[in-house]
Amino acid sequence: MSESVAVPARRSLLRPLIFGLTITAILALLFLVPWYTIVLGGAHWPTPVVALGSVVFLGGAVAFPVLMMAGHGRNHRDRAARTADTMLGVVWVLFVWSVLGNVLRAALAAGGVADPTRGRVVALSALAVSAVLLVWGNVEAMRVPRVRRVDVPIERLGAGLDGLKVVLITDTHYGPINRAKWSNGVIDKVNELDADVLAHTGDIADGTVSMRREQAAPLGRAKAKLARTYVTGNHEYFGEAQGWLDHMRELGWTPLHNRHLVVERGGDRLVVAGVDDRTAGGSGLGGHRADHAAALAGADPDLPVLLLAHQPKQIDDAVAHGVDLQISGHTHGGQMWPFNFLVRLDQPTVAGLSRHGARTQLYTSRGTGFWGPPFRIFAPSEITVLTLRKN
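Residue numbers (full-length UniProt numbering): 1 to 391.
Check each hint, because a few of them may be wrong.
[What the hints assert, rightly or not] Derived DSS-like pairs: lysine-lysine, alpha-carbon spacing no greater than 27 Å straight-line:
#1 K165 with K225
#2 K225 with K390
#3 K165 with K189
#4 K165 with K390
Just so you know, these hints were derived from the structure itself, not from any lab. Model, not experiment: these values are computed from the prediction.
Please build the complete structure, drawing on both the sequences and the hints.
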């Protein structure tokens with residue numbers, strides 16, 4: 001009997017240990033690679049430069065997890081979160097360009113360039129490129145997104161719906177950086193687009209309604225002729241998903257919590273359905289899970305279906321249920337190159353329009369806001385106008 005209790009206990013201890021070691025190894029790589037490349041690496045900087053650089057990198061490696069836990073843990077300290085998120089973005093860019101800098105190091109060595117010249121060229125190049133990209137990336141993240149226009153041919157679309165405009169915003173991630181002014185700018189631009197259907201496909205905020213109410217308030221004046229619709233993303237389930245569903249209803253939007261509505265134009269109809277995020281079932285929140293059957297229950301099977309689902313990887317269920325077009329976010333287009341290649345390991349698409357099966361198409365937005373690090377590098381944000389066309 002004691003043996004049967006001991007085995008689960010060992011397993012329960014092993015999982016957090018493996019997770020902790022994995023995170024520690026990742027942090028070590030993120031900080032140590034740029035430290036070696038910029039501070040050491042054959043550059044032979046004067047001793048005070050080496051000492052200062054070592055303090056910055058190694059001090060950052062110690063401070064980062066402390067700030068991350070203080071900012072994104074139970075206490076939600078926004079100042080700590082802002083600092084940690086910015087540090088994460090900076091060290092990611094330095095890591096990427098340090099790795100590429102070491103490719104340059106090999107090329108210089110092949111060309112006969114010796115240290116310390118070789119080491120200093122690599123270090124200064126990594127620093128210069130990183131600085132430029134971080135400044136540009138911050139401007140891109142904080143700006144009101146550009147409008148991206150895409151025509152989507154749908155075979156089952158009725159003639160009366162030809163030209164119907166679906167305006168998509170997603171991943172607004174209202175969070176530790178107060179972007180109330182940015183939020184107003186987004187809605188100003190949305191209202192210029194004359195949407196028939198307006199959709200928000202989740203990750204509305206990092207935090208509770210009470211924490212992000214000011215930033216979310218402009219959503220209340222968003223305009224659409226036929227419907228304003230919303231589904232939850234995975235980040236809602238880090239906070240209060242039901243609270244955001246209720247708040248969006250108060251702002252005049254229709255939460256599609258595993259349900260649908262029907263819009264009509266020119267005598268033709270379109271089913272607009274929505275499902276919870278795929279992580280909802282594991283959240284422990286009663287009544288929350290992605291349920292495509294419930295979302296489409298009672299819908300006329302002959303009508304075309306537009307589905308809101310936060311993650312592109314929910315497309316398999318959409319195909320199985322005969323959806324014509326799924327619109328999603330979640331990926332941010334990778335947000336900070338080359339993270340898009342890692343996202344692609346988890347999701348079927350990173351951005352844009354793609355076909356899945358004979359009937360179903362998927363549009364994946366690069367997102368309207370940003371998560372965490374206030375940078376977007378080679379992954380611009382977007383407000384999307386999807387114009388449905390009769391094929």
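Hints and how they fare:
1. Using a Cα cut-off of 27 Å, the hinted pair K165 and K225 holds, with the two alpha carbons roughly 10 Å apart.
2. Taken as a hint, the K225 and K390 pair is honoured in the structure, with Cα atoms around 20 Å apart against an allowance of 27 Å.
3. Taking the CA atoms of K165 and K189, the gap is near 15 Å; set against the 27 Å cutoff, the hint holds.
4. Restraint check: the Cα-Cα separation between K165 and K390 comes to about 13 Å, which is no more than 27 Å; the hinted pair holds.
Comparing the model with each numbered hint stated earlier shows that all of them hold.
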